[in-house]
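Colleague: Protein chains in written order, with my numbering: chain A, 1 to 241; chain B, 1001 to 1293.
What the hints contain is simulated information worked out from the structure, not anything from laboratory work. Every residue gets a Cβ at the ideal spot worked out from N, C-alpha and C, and that includes glycine. Hints may be right or wrong, so weigh each one.
[Unchecked claim] DEER-style ranges, computed between Cβ atoms:
{"hint": "1", "chain 1": "B", "residue 1": "Gly1094", "chain 2": "A", "residue 2": "Gly25", "range": "35 to 41 Å"}
{"hint": "2", "chain 1": "B", "residue 1": "Leu1195", "chain 2": "A", "residue 2": "Pro35", "range": "55 to 61 Å"}
{"hint": "3", "chain 1": "B", "residue 1": "Thr1118", "chain 2": "A", "residue 2": "Leu61", "range": "47 to 53 Å"}
[As the list claims (entries may be wrong)] Residues of chain A placed beyond 10 Å of chain B at every Cβ, according to the derived structure:
{"hint": "4", "residue": "Asp95"}
{"hint": "5", "residue": "Glu127"}
{"hint": "6", "residue": "Arg155"}
{"hint": "7", "residue": "Val171"}
{"hint": "8", "residue": "Ser216"}
{"hint": "9", "residue": "Gly217"}
[Unchecked claim] Pulled a few chain B residues facing chain A out of the computed Cβ check, cut under 10 Å:
{"hint": "10", "residue": "Arg1037"}
{"hint": "11", "residue": "Arg1038"}
{"hint": "12", "residue": "Tyr1164"}
{"hint": "13", "residue": "Ile1184"}
{"hint": "14", "residue": "Gly1186"}
{"hint": "15", "residue": "Ser1188"}
{"hint": "16", "residue": "Val1189"}
{"hint": "17", "residue": "His1191"}
{"hint": "18", "residue": "Ala1274"}
{"hint": "19", "residue": "Leu1278"}
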Amino acid sequence: MLSVEGLEARYGSVAAVKGVSLEVGVGEIVGVLGPNGAGKTTTLLSVIGLVRPAGGHVRFLGRDITGLTPDRVAAAGIGLVPEGRWILASMSVRDNLLLGAYLRQDGNAAVAREIDRVCEIFPILRERQAQRAGTLSGGEQQMLGIARALMSRPRLLMLDEPTWGLAPLVVEEIMRVIKRLNQEGTTILLVEQNARQALAVVQRCYVLAVGQVVWSGTPAGLAREPLLIKAYLGAAASRIR
Amino acid sequence: MSTVLLDGTEQLINGLMYGCFYALIGGGFTLLFGVLRRFNLAYGSTIMAGAYAGLIPVYLFNAPVLVLFVTTIVVSVLVGLLVEFCCFRFLRKGHELAPLMTTIGMLIVIDETIVYLTDAVGLKYPAPFGDESLALGPFLIRPDYLAILVVSVVSFSAIFYLLYRTRFGRAMRAVAERPDAAQILGVSVRHVNVLTFVLTSALAGIIGFFAAVSVGSARPEMAAWLTGKGLVVMVLGGLGSFPGAIVGGLALGVLEFEAVWFLGSSYRDILAFAILFLVLIVRPGGLLGTRTA
């Protein structure tokens, strides 16, 4: 579905991604793990088009989308829940959700049904609809970020550190939702520093370090690589079994 | 009622009506700044170009005022699109100050073109609302100011409806707040930018018409005067705050008219900048501003 080949991206003269290749198949849930500065976020931003790749190709559903502007990548069917969620704080929760449906052409009734559907996934959003999004708690904002991305019914949902800085109970809920979304048919690319959480839900994963893929395989396979875990995934992952 | 109170009230009413005009100018500057986060210093010239162009059908065919009004708006929109294309479209991300240079350049080009074509002589503007003051109880009111009031209320209502009740308005507000967030949701920033130029330039047409009508002529000094007032109102209300522009415009209108009456008309223009100075010291964020600039 998504295929990234030899992707390179730089900020000024600093190379952040140096030839990353990865594949996500239809219906899969794939993880991208790695320490700070490994190029995980830059890879996602290059796919969505906010960072212009310096080299390599991004293909989605057989189409070359390298270098397209983000609005056209979104229109192609890729949703992104960015790191830090990028909630429109001054706007209402409902307006945030409606913006998520900006590209939909199928009428107000369908959009209203979609709002209903995402509010079923995150019931707290239903009662908060009229509230300013900036007044939500961190966990609620993360839920809104995911719900907003779902409003356009993306074929591929990319999540960047969706559990960062959240309370353990909220982390559990978010991970449960991600798993459920995947079971209901959404293909998912999950970027996480919290390797333990991610490995519990992903089918395959890539480990990135200093802008390159250093390992790829299944969570079970990764559990047999103690050196790799120690070097790149740190203390949080040391309890992976 | 004492004369002072009576006169003061009359000036208050006139000031509020003329303040609507300032609010329109500030609103145009603010809307563009809010969405693009960049100053368009050619806005005053856009207004003036529309006001001058509106006279063409009048001089050539003796066209009615309605045609003048429509021409003013159409030409302002065209000039606005030219400004977007020449001064904004090809500038890279991250060069927020570059438009200060490009739009000043455009301001000079437009101003000098008009000066060249008209020999810098003011052109007489029709007075569609008559010269006779209207009596409202004990107060005398200028009919063109009343028209400004009506048009401003209609314009502001339309803009508020657009911003807060439509899909495009939501996209505009999203781009104003976080362009990258708007983009990943499918909003084309270029699309929004161009339509913002169309919207603010149409507003410029309306402003140009009333600016020339209230003075009685289209003059080359208009651009500097409009730019000055627009920037004062914009900063007064709070950079990028649209309701702030309305409050700032009304406040400036009232203060100017009271100053003219009580201090004399030579104080009128210095007052705007004195107020600006004061606000920047006491409340640097502007009257309704939240952002620290």
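Colleague: Confirm or reject each hint.
Modeller: Results for each hint:
Remark: the range hint 35 to 41 Å for Gly1094/B to Gly25/A is upheld by a beta-carbon distance near 37 Å. Taking 55 to 61 Å as the suggested C-beta distance range, the pair Leu1195/B and Pro35/A does not conform, at roughly 43 Å. Checking the proposed 47 to 53 Å range against Thr1118/B and Leu61/A shows it is violated: the Cβ atoms sit about 59 Å from each other. Residue placement check: Asp95/A does not keep its beta carbon more than 10 Å from all beta carbons of chain B (closest about 6 Å).
The beta carbon of Glu127/A is kept farther than 10 Å from every beta carbon of chain B, the shortest such distance being approximately 21 Å. The Cβ of Arg155/A sits about 14 Å from the closest Cβ of chain B, beyond the 10 Å cut-off, so the non-interface label holds. No Cβ of chain B approaches the Cβ of Val171/A within 10 Å, the least distance being about 23 Å, so the stated non-interface status holds. For Ser216/A, the shortest C-beta to C-beta distance to chain B comes to about 26 Å, beyond the 10 Å cut-off, and the non-interface label holds.
Under the 10 Å C-beta cut-off, the non-interface status given to Gly217/A relative to chain B holds; the minimum distance is some 30 Å. About 15 Å separates the beta-carbon of Arg1037/B from the nearest beta-carbon of chain A, more than 10 Å, and the hint is not met. The closest approach between the C-beta of Arg1038/B and any C-beta of chain A is roughly 19 Å, which is over the 10 Å cut-off, so the hint fails. For Tyr1164/B, the interface hint holds, the least distance from its beta-carbon to any beta-carbon of chain A being 9 Å, beneath 10 Å.
For Ile1184/B, the interface hint holds, since its Cβ comes within 10 Å of a Cβ in chain A; the closest pair sits about 5 Å apart. The restraint placing Gly1186/B at the interface with chain A holds, with a minimum CB-CB distance near 4 Å, inside the 10 Å limit. Of the supplied interface hints, the one on Ser1188/B holds, with its beta-carbon coming within about 4 Å of a beta-carbon of chain A, less than 10 Å. Proximity of Val1189/B to chain A holds as hinted, the smallest CB-CB distance being about 8 Å (cut-off 10 Å).
Interface restraint check: His1191/B against chain A, minimum CB-CB distance 8 Å, threshold 10 Å, status holds. Violation of the interface hint for Ala1274/B is found here, the shortest Cβ-Cβ separation to chain A being roughly 32 Å, above the 10 Å cut-off. Violation of the interface hint for Leu1278/B is found here, the shortest Cβ-Cβ separation to chain A being roughly 28 Å, above the 10 Å cut-off.
Violation of the numbered hints given earlier is confined to hints 2, 3, 4, 10, 11, 18 and 19; the remaining hints are satisfied by the structure.
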